[in-house]
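Based on the sequences and whatever the hints tell you, model everything.
Residue numbers (the working numbering), protein chains in the order written: chain E, 8 to 375; chain U, 745 to 934.
Calculated directly from the structure, the hints in this document are not laboratory data.
All residues carry an ideal CB built from backbone N, CA and C; glycine is no exception.
Nothing false has been slipped in among the hints.
Computed Cβ-Cβ distance ranges for the label pairs, DEER-style:
hint	chain 1	residue 1	chain 2	residue 2	range
1	E	A110	U	R881	52 to 58 angstroms
2	E	K98	U	N905	57 to 63 angstroms
3	U	I752	E	V27	36 to 42 angstroms
4	U	D854	E	Q45	31 to 37 angstroms
Simulated crosslink set (DSS-like; lysine-lysine; CA at most 27 angstroms straight-line):
hint	chain 1	residue 1	chain 2	residue 2
5	E	K67	U	K807
6	U	K760	E	K64
7	U	K922	E	K38
8	E	K64	U	K921
9	U	K807	E	K64
10	E	K67	U	K760
11	U	K831	E	K98
12	U	K922	E	K64
13	E	K64	U	K915
14	U	K771	E	K64
15	U	K891	E	K67
16	U	K831	E	K97
17	U	K922	E	K67
Selected chain E positions facing chain U (Cβ under 10 angstroms, derived; list incomplete):
hint	residue
18	E10
19	M11
20	E49
21	F53
22	M57
23	D58
24	S61
25	D62
26	W63
27	F66
28	K67
29	T69
30	V73
31	H74
32	L77
33	Q100
Each chain is listed here by its residues.
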Amino acid sequence: MEEMQILDAVERYLANEMPVEERAYFEQLRKTNPEVDQLVVEHSMFLQQMDRFSDWKQFKSTLNEVHTQLAETGSIRDKAPKATVIQLWKKYQRVVAVAACIAGITALTISAMVYYFTPKPVSEIRLLSQELDKVKMKQQRTEQKVTLIEKSGATSRPTADPKSGGTGFLIDGKGYLVTSAHIVADADSVYIQNIKGDYFKVSTLYVNKQTDIAVLKIVDNRYQSIKSLPYALQKNTADLGEEIFTMGFPRPTSEIVYNKGYLSAKTGYNGDTTTYQLAISANPGNSGGPIFNHSGEVIGILSGKQTTAEGVVFSSRTKNIFTALHEIRKDSTNEDRIKLLLPSSIKGLDRVQQIKKIEDCMFMVIRY
Amino acid sequence: MKTDPREIALLEGLAKNDRQAIETIYKQHYNMVQTLIINNNGSADDARDVFQEAMIVLYEKAKSGTFELNCLLKTYVYSVCRRLWLKRLQQQQKFVPDINGLSDTVPVEDELEAQGQRNTEFQMMEKAMLHLGEPCRSLLEAFYIQKRNMLDIASHFGYTNADNAKNQKYKCLMRLKKLFFAAYKNNNTL
Numbered sequence: 008m009e010e011m012q013i014l015d016a017v018e019r020y021l022a023n024e025m026p027v028e029e030r031a032y033f034e035q036l037r038k039t040n041p042e043v044d045q046l047v048v049e050h051s052m053f054l055q056q057m058d059r060f061s062d063w064k065q066f067k068s069t070l071n072e073v074h075t076q077l078a079e080t081g082s083i084r085d086k087a088p089k090a091t092v093i094q095l096w097k098k099y100q101r102v103v104a105v106a107a108c109i110a111g112i113t114a115l116t117i118s119a120m121v122y123y124f125t126p127k128p129v130s131e132i133r134l135l136s137q138e139l140d141k142v143k144m145k146q147q148r149t150e151q152k153v154t155l156i157e158k159s160g161a162t163s164r165p166t167a168d169p170k171s172g173g174t175g176f177l178i179d180g181k182g183y184l185v186t187s188a189h190i191v192a193d194a195d196s197v198y199i200q201n202i203k204g205d206y207f208k209v210s211t212l213y214v215n216k217q218t219d220i221a222v223l224k225i226v227d228n229r230y231q232s233i234k235s236l237p238y239a240l241q242k243n244t245a246d247l248g249e250e251i252f253t254m255g256f257p258r259p260t261s262e263i264v265y266n267k268g269y270l271s272a273k274t275g276y277n278g279d280t281t282t283y284q285l286a287i288s289a290n291p292g293n294s295g296g297p298i299f300n301h302s303g304e305v306i307g308i309l310s311g312k313q314t315t316a317e318g319v320v321f322s323s324r325t326k327n328i329f330t331a332l333h334e335i336r337k338d339s340t341n342e343d344r345i346k347l348l349l350p351s352s353i354k355g356l357d358r359v360q361q362i363k364k365i366e367d368c369m370f371m372v373i374r375y
Numbered sequence: 745m746k747t748d749p750r751e752i753a754l755l756e757g758l759a760k761n762d763r764q765a766i767e768t769i770y771k772q773h774y775n776m777v778q779t780l781i782i783n784n785n786g787s788a789d790d791a792r793d794v795f796q797e798a799m800i801v802l803y804e805k806a807k808s809g810t811f812e813l814n815c816l817l818k819t820y821v822y823s824v825c826r827r828l829w830l831k832r833l834q835q836q837q838k839f840v841p842d843i844n845g846l847s848d849t850v851p852v853e854d855e856l857e858a859q860g861q862r863n864t865e866f867q868m869m870e871k872a873m874l875h876l877g878e879p880c881r882s883l884l885e886a887f888y889i890q891k892r893n894m895l896d897i898a899s900h901f902g903y904t905n906a907d908n909a910k911n912q913k914y915k916c917l918m919r920l921k922k923l924f925f926a927a928y929k930n931n932n933t934l
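In structure tokens:
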């Protein structure tokens, strides 16, 4: 209670609200009692602070009022004068820049790593060299052609680029060949080239897309017929697991390529009984190549491979050739009479000798 | 430079918390400050805060009576706002190499330091008041800030007589002082 009275007195003293006598008394008390004196000092400071605080508050509230009022009357613009997008851009410019940098570096690093760690495509290199070979071959052909022109004075083949190519083989030394139907189908003209690089024009006698068999006839008078062919056509069905080999022209050059494998199924794709399934490595260009068994009998004509499976190659059966010949015989004149092959003369020879004999009867089929 | 008599009059008005004077200054200079702030990563709200703080600086200066405006009021306001905004940007850790703006500036560091000190004191007081809670705060505000007399306060707050109100006010005051001085000492020792 007493403290309260003292404080009250202090307040009145500071506010100059004391009567003269009381004031004198209070001043006396201040001098004698240091506690009271301290209280006066402290309280006066506090009151000052309070006064300033109240001033400050009032001023602030006035400011706010003025601001609101002026904003309402439109004397000041209370809105950002610029579009928000620009403002946001200004605000986050730095952040965006940093983010963009990080993104850029990350992208570069990842692409660099991907580039670095990707296995180098070896096959592409091979392709390139093939391309080179192609160019070289073209040049050679041109030269050949020039010499040919000089020799015979007649063009042996068109100058246009071939559309596609495959393999074909003689079934009659007079100039009858068998190849795959898909090679010669829709052809403007078909030419063949032997391993020596000689070109001959051929005509298509028979095409059967179902069995993928085509019979061609060499119509070039420069062709010298072969008296007897070294191989024969097999009449029976081949056996499972039989060792087989083929030859073909998968390269753009007239280089013959030998491959061997085995008969892996007696039927072809989806149980097709007119074809065999083989396990042999084959590439585009091998199509139409003969499939020989070990005794040098043709058991089929290579036609294609399954892209969804590894090492699955199909070949048309030799039986289809017989069918084809039968058809030809039915509706053709005597001059188209194809003499069937003799029994294989290369039976029992070793593979190298067999190949040497067969080689001459193999042709690269070029479609234009 | 001779100070424009109109500006002196404005400052005098400001010292008296004259609404007319405040309005005039506001109208003349607010847009300039807002442009400055917004062009330098700020918003309209930031501009308002900074400008009001500058006005308080000006107000305190004008009230002290010793203030001599040695330049245009515009330059002074601009300098203060620029300085305040730079400081705030630094606090936000936003590195701004150079605030762009073409107006001249005058050194205002001393004023701002004093202003900073005052600001912390006011904030301490405000905080103490907030901690006090009702009805103490209203009671003390009525007495010390609105400067109403005891009888009036007693009837307004529903006390039976002035003595009761006085009693309550005393208790509240003691608590406020305790809170304030605790914060004050704390701040000074820090």
